[in-house]
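Participant: My request is simple: use the sequences and hints to build the entire structure.
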Amino acid sequence: MNSKISLSNTCRYEGCTVTGALAVTAFVPDGISIVHGPSGCTQHNVSLLHSTLMQHEKPSIPRIMTTALGEREIIFGGESALEKAIGIALERSPHAIFVISTCVAGTIGDDINAVCAPERDVPVIPIDCAGFLNGGFRQGFVSALIGLSTLIGPCAPGGDAGVNIIGERNLEVDAEQNFAEVERILASLDIPVNVRYVRNAATADMKRFGNAGLNLFREDPGGLLSRFFAQNFSLPAICGYPTGPQAALDLISRLGAIYKTDCREALREEEAAWEALADDFSDLRGLAVSLAPDPSPADGRAARDFTEYFGIALSRNAPAVPWSDPVGIGGARRLLRQWRRRAHGY
Amino acid sequence: MKQIALYGKGGIGKSTTSANLSAALSDTGLDIMQIGCDPKHDSTRMLMHGTWIPTVLDLVRTRQESEISVSDVVHTGYNGIRCVEAGGPEPGIGCAGRGIIATFQLLERLGALYGDVILYDVLGDVVCGGFAMPMREGYAQEVYLVTSGDLMSLYAANNICKAIQRLSRRTRTTCLLGGVICNSANITDEKDLVATFARRIGSRLITFIPRDRIVRVAEVNRQTVIEYAPDSPQSDIYRSLAEAVYTNDMLTIPTPMETDELEDLALEYV
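Top line first, the protein sequences correspond to chains V and H.
So the first sequence is numbered by the working numbering: it starts at 1 and just counts up by one.
So the second sequence is numbered by the working numbering: it starts at 1 and just counts up by one.
Hints listed in this document are in silico derivations from the structure and should not be mistaken for laboratory results.
Fair warning: there could be bad hints in the mix.
Simulated DEER-style distance windows between Cβ atoms [what the hints assert, rightly or not]:
#	chain 1	residue 1	chain 2	residue 2	range
1	V	ILE146	H	ASP260	55 to 61 Å
2	H	VAL270	V	PHE228	50 to 56 Å
3	V	ILE61	H	CYS128	47 to 53 Å
Chain H stretches covered by chain V per the calculated footprint, using a threshold of three residues with CB under 8 Å from any CB of chain V [what the hints assert, rightly or not]:
#	region
4	55-67
5	94-104
A virtual CB, placed ideally from N, CA and C, is assigned to each residue, including glycine.
Facilitator: Set out below in structure tokens:
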């Protein structure tokens, strides 16, 4: 979730905290998300999720409710409306309820933590985003991942049930392909995936979280997530999906070290696969491109290494090609195909 | 129609002053409406002989707006004065400022805002945009600051000046400062101190109201001083205040003091 400044004064990838939180909670299939705010906040987000999931060829709409705050609740407080909405959600038999606050609820000072606190049949988890008051999409996303950690069961020290994948970008089109790349690399060392936290993971799945031997973060801007999970779950961690051959080889080496596995064969196979990919796209050698959007400072190094590996020059004045930190060989192949279409028209 | 608003620090005596001012104006034959803009909803209590009238927001909370009529929100008190209390949420929840805005919108829709003088009695300080509502949208054209010589009270009055100054720059706002009312706290040289403060902010002391036991006696008898002791010197003072306010044509955009300057002023009178 890199933030690119657009021509206006908005950030391309920085939406509302509520969208960020829903990008996590809506992917718990047996949960219900309640957006505590005006109905419009929910409508906008449900529309966004619906159209995004349609792109992913998953036409189902996640279970999201609104407390439908109006002027009356703004004046007198919206806590009763939230209690009522929780009651309605409980009647629909979810295994967990997530309460996400909007700017209106934050502005009038509704105490969602207090409303969620009483013990109920299922966990009711507050995610106090307070809309724009607590930042942007990224903060909402991180708050939800941290909030949902109350569903995680106790840790089994020395667990070897595989790797937890944390913080997948659920709204990106390539989410599944990117996951498949990581899964492929893990499989090359016979390491299974334990829990996808949180992508289509039921609440019961999350209880297995502590059985893992490693947490692999999709990304961890500012180190917030890795710090939180290190403090609370004491598992080794690797941050970031791999972009480019070197990052993929580094990931294999680190996995080998953590799992004390001989990874030489996996490294050889990976290296050969990247070389084969470079051969497939040898027609791009000598091409000069500029990247759009500009990679963030964190991605800049990866972008340079990536283009260099394929013999492509980066030049500000060259024709622009899309850049989206491609994950693994699959991501690289999809990106290079786009570049080829731009360069050669096929 | 003259619309005035009284602002000042909490507990300074705005409601007592407002009620007596309304009563004194009403005695001259004017049609008066007083609107309490404070969740405490005690502005009009003395005009209503101790009765707590239902607030606008109490009604909004329990009924559909279409079911609320003028007679539900406007209650007739002393000498035909029409009394309204905005009310507010329970302490510690919701947004009282938005409640004031909703009250004004409802009164507008009901066509309840009329008379020779409408007096808005507004809570302690302009804590948010909602409590600036009486100064906005062409409601109160004149604001009167109620203060004593106490530094914190002057500080609050000075803050209100900042709101008036800010709002007076807007083309849709016609609100200006009408003057300063000193409701005495028995501080030495208080009248001079408050008069100097008024001059420094580009206004004037409209009336000095001395502290008098009769105010408390009238209150425990659930009446304004004007009604309970019409012949008392204190009633004469409220009447002179009424005349000064009603005939006042010296309205200014205030120039708030810097905090240091204000503290230096208070120090001069210690």
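Participant: Counting residues of the region 55-67 of chain H whose CB is closer than 8 Å to a CB in chain V, do you get three or more?
Facilitator: holds (count 3)
Participant: Range hint 55 to 61 Å: satisfied by the CB atoms of ILE146 of chain V and ASP260 of chain H?
Facilitator: Since ILE146 of chain V and ASP260 of chain H have Cβ atoms about 45 Å apart, the given range 55 to 61 Å is violated.
Participant: Residue count check for the region 94-104 of chain H against chain V: does it reach three with CB-CB under 8 Å?
Facilitator: Answer holds; 6 residues pass the 8 Å Cβ test.
Participant: At the C-beta level, are VAL270 of chain H and PHE228 of chain V separated by a distance inside 50 to 56 Å?
Facilitator: Hint holds: Cβ distance 54 Å, inside 50 to 56 Å.
Participant: Look at the Cβ atoms of ILE61 of chain V and CYS128 of chain H and judge whether their distance stays inside 47 to 53 Å.
Facilitator: This hint is violated: roughly 38 Å between Cβ atoms.
In summary, the structure is inconsistent with hints 1 and 3 from the numbered list given earlier, while agreeing with the others.
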